[in-house]
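As they're listed, the protein sequences go chains A and B. Numbered per this note's numbering, the first sequence spans residues 114 to 517. Numbered per this note's numbering, the second sequence spans residues 114 to 517.
Read the hints as simulated data drawn from the structure, not as lab findings. It cannot be assumed that every hint is accurate.
Note: identical chains are not told apart, hence a pair may lie in one copy or across any two.
Claimed, not checked - In silico PhoX-like links for lysine-lysine, alpha-carbon gap of 20 angstroms or less:
(1) K116 - K145
(2) K230 - K435
(3) K435 - K145
(4) K225 - K145
(5) K225 - K142
(6) K230 - K145
(7) K299 - K276
(8) K135 - K278
(9) K135 - K413
(10) K142 - K476
2 protein chains.
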Amino acid sequence: MAKIAVMGYGVVGSGVVEVLHKNHDSIAKKAKEEISVKYILDLRDFPEDPNRDLFIKDFSIIENDPEVEVVVECIGGQNPAYVFVKRSLLAGKNVATSNKELIATRGAELLKTARDKGVNLLFEASVGGGVPIIRPLHQCLAANEVCEIAGIVNGTTNFILSKMKNENMAFDDALKLAQDLGYAEKIDPSADIDGHDSCRKICILSSLAFGSHIYPDMVYTRGIRDITPTDITCAESNNYAVKLIAKTKRLPDGAVSAAVTPALVSHDSQLAGVEDVFNAILVRGDVLGDVVFYGRGAGKLPTASAVVADVIDLVQNRGTYKGLFWNDVDRENFHPFSEENVRCYVRFSGQNPFPDATALGGKLPEGQQAVITPELPFGEVESRLKQAKSQGTQVHNMMPVLNY
Amino acid sequence: MAKIAVMGYGVVGSGVVEVLHKNHDSIAKKAKEEISVKYILDLRDFPEDPNRDLFIKDFSIIENDPEVEVVVECIGGQNPAYVFVKRSLLAGKNVATSNKELIATRGAELLKTARDKGVNLLFEASVGGGVPIIRPLHQCLAANEVCEIAGIVNGTTNFILSKMKNENMAFDDALKLAQDLGYAEKIDPSADIDGHDSCRKICILSSLAFGSHIYPDMVYTRGIRDITPTDITCAESNNYAVKLIAKTKRLPDGAVSAAVTPALVSHDSQLAGVEDVFNAILVRGDVLGDVVFYGRGAGKLPTASAVVADVIDLVQNRGTYKGLFWNDVDRENFHPFSEENVRCYVRFSGQNPFPDATALGGKLPEGQQAVITPELPFGEVESRLKQAKSQGTQVHNMMPVLNY
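Just chain A, same shape as in the assembly (with noise of 0.2 angstroms):
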């Protein structure tokens, strides 16, 4: 029998009691043995839950139980997760988290903790929700140098940019759809709208991927909050979908490249037909090539369901260290996406910024004219489009033309 801890009892981590509940039988079977929930930690009362024996709200109860070897965070935030988490693994604690946040701002001080204390901190359900990726880029490509990874990773901005392709709605119309159904915060939806969501999650693959942590500080990231209507019918006339990308790449000089933005992806990439809340994440490895893997990226039981896959993993191997570790920060060999050669998308009235460009058809509104530019720094298209603007140009959007 091993006994757990979970900690929050919101969306996830309600789901990851209700997943260990209602496959009790067969968890217990690829666990080798039966997973018991010991504390549920919450700063909230819940009377009325089937549960609510297993309440606690003093984290040092956990800390000092030696029988919980598994804890649970599903707080979510820094703090007090960061404190919690960081506390159970210098306790010889096994770790199992959804937070992004956590491992995206903490994650190299935490694996390396876990490390000098021969225990392990696994986070498949920070990325993707549900599909599982951490795993996969850690132990199944394993004999490939990740090259890229690209990814849909935030399924609120993916919904959003559905429906105004499909239904021709406004950003702001959308926006509200989406929080109306659930997908997005009412109250201040830039987590996911600004990219910073997707930020987290870029930050935790590349790390993973390329050995060295990248903060969300040092990433380009620009949302969808100026994507409209008509830059995705003009991206579709032309056999492209604007997606929200969030990429990384060891660019040719070994240096390490991310950013999270709008894109025109190719209708024949595996990218361009994930629509609706789903996820879907490229890896690109030197042997394999191209594998993605789909799925619904959020919702509380897929979320859960990869939470407990890590519980299960985890008592399986508690007492074998698995690995899972990235060096600090490597700011020398991380460049700007400013410096990275990317073709774009510009939609402008008056002079062409850009004489080399290839001229997109489609209809556009009276004056206007779309282009793709040659393969350029993304620093140096912004600044002809400066430029550009200074000179009498309007520039009424742009965006990387991305190949996967």
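Could you slot chain B onto chain A? The hints should help.
Okay, now just chain B, sitting in the frame of chain A:
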């Protein structure tokens, strides 16, 4: 330093040696020690090969060398692969194999031998080539009860169907092109074309997901020889793709049913857009919903990279039994496909054998009609068609319509 032996120096075996060499440093880092090939077993001579000093022709050298803890089997086919793998396991060695025929026909027995000896038998490369599926199914989706698996698991037939669709080629012409490009066997392409390869793969996936071995002779297996451009055009104009689907499912009564069959799949499905030699495998879990794994299903280096990922895992975990296991066949809990309820596409001339079917639109040859039947046991569709034929209806083609 971990010493391994590679048996079989064909496409995959030589690829394994190449990948171990090419990514030597990063692989050593992941395995936490160097991996070195001590022997290569092949009956042929390779006097010009840079590894020529490693070649041996006598298996017992590997069997009796205690330094070899991991054996890689890339011989293919049943014998001598079976004997060598069995003896390797009995000698207490861990084994990685790419041999789908071996696992589909002897998996339960060999996994039991491995368990008895406390060693691991891994076979990630046997399904999906480089696309990770065995390990995700076993580990990442461990919190789920898998309900259903459906995949495009044979690149050759998918290439042929893609050519028939995109270039309106007849089956024979598309097959010839596949042979010229080296995707299909020149002398006897039937393992691919008639669905046997897909059948072996679904046997492996079904056995792993549901815990009881399914043997190839239990599975309804139909290939793509009788698919015509007319069927594909008709399907496409009604928003369906024609795909060779290998599927397995737990039925409401708990029994398992499996089949390999060409089928109509809605354009909305993630399986419909899989083109060319690519593979995609959809796993439907009770908790997680649908997850799709997509990538290049064959090819020397992708397949080799999957084998090498297994080798890294075996080296890291030698001494730990990983619990990859299924029981032998449970025929009482296996239902033939004829009992499974499906809707079917039927193209015919003459009287409609399914008056309650839905007519399909689109252009068909003079006098022909196409319909989709209501949900019926597949065997009943077959027998109604037989009866209709005896009464003068010409049945041009039929296949299931599957919902993924």
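Okay, the hints, checked on the actual structure:
1. K116 - K145: Cα proximity of K116 and K145: one copy only (13 angstroms, versus 30 angstroms across).
2. K230 - K435: within (12 angstroms within a copy, 23 angstroms between copies)
3. K435 - K145: both (18 angstroms within a copy, 10 angstroms between copies)
4. K225 - K145: between (29 angstroms within a copy, 16 angstroms between copies)
5. K225 - K142: For K225 and K142, the Cα distance is within 20 angstroms only across copies (16 angstroms; inside one copy 31 angstroms).
6. K230 - K145: Cα proximity of K230 and K145: across copies only (18 angstroms, versus 24 angstroms in one copy).
7. K299 - K276: Intra 18 angstroms, inter 48 angstroms, cutoff 20 angstroms: intra-copy only.
8. K135 - K278: neither (38 angstroms within a copy, 44 angstroms between copies)
9. K135 - K413: This pair counts as within: shortest intra-copy Cα distance 14 angstroms, inter-copy 42 angstroms.
10. K142 - K476: neither (59 angstroms within a copy, 54 angstroms between copies)
When held up to the earlier numbered hints, the structure conflicts with 8, 10 and fits the remainder.
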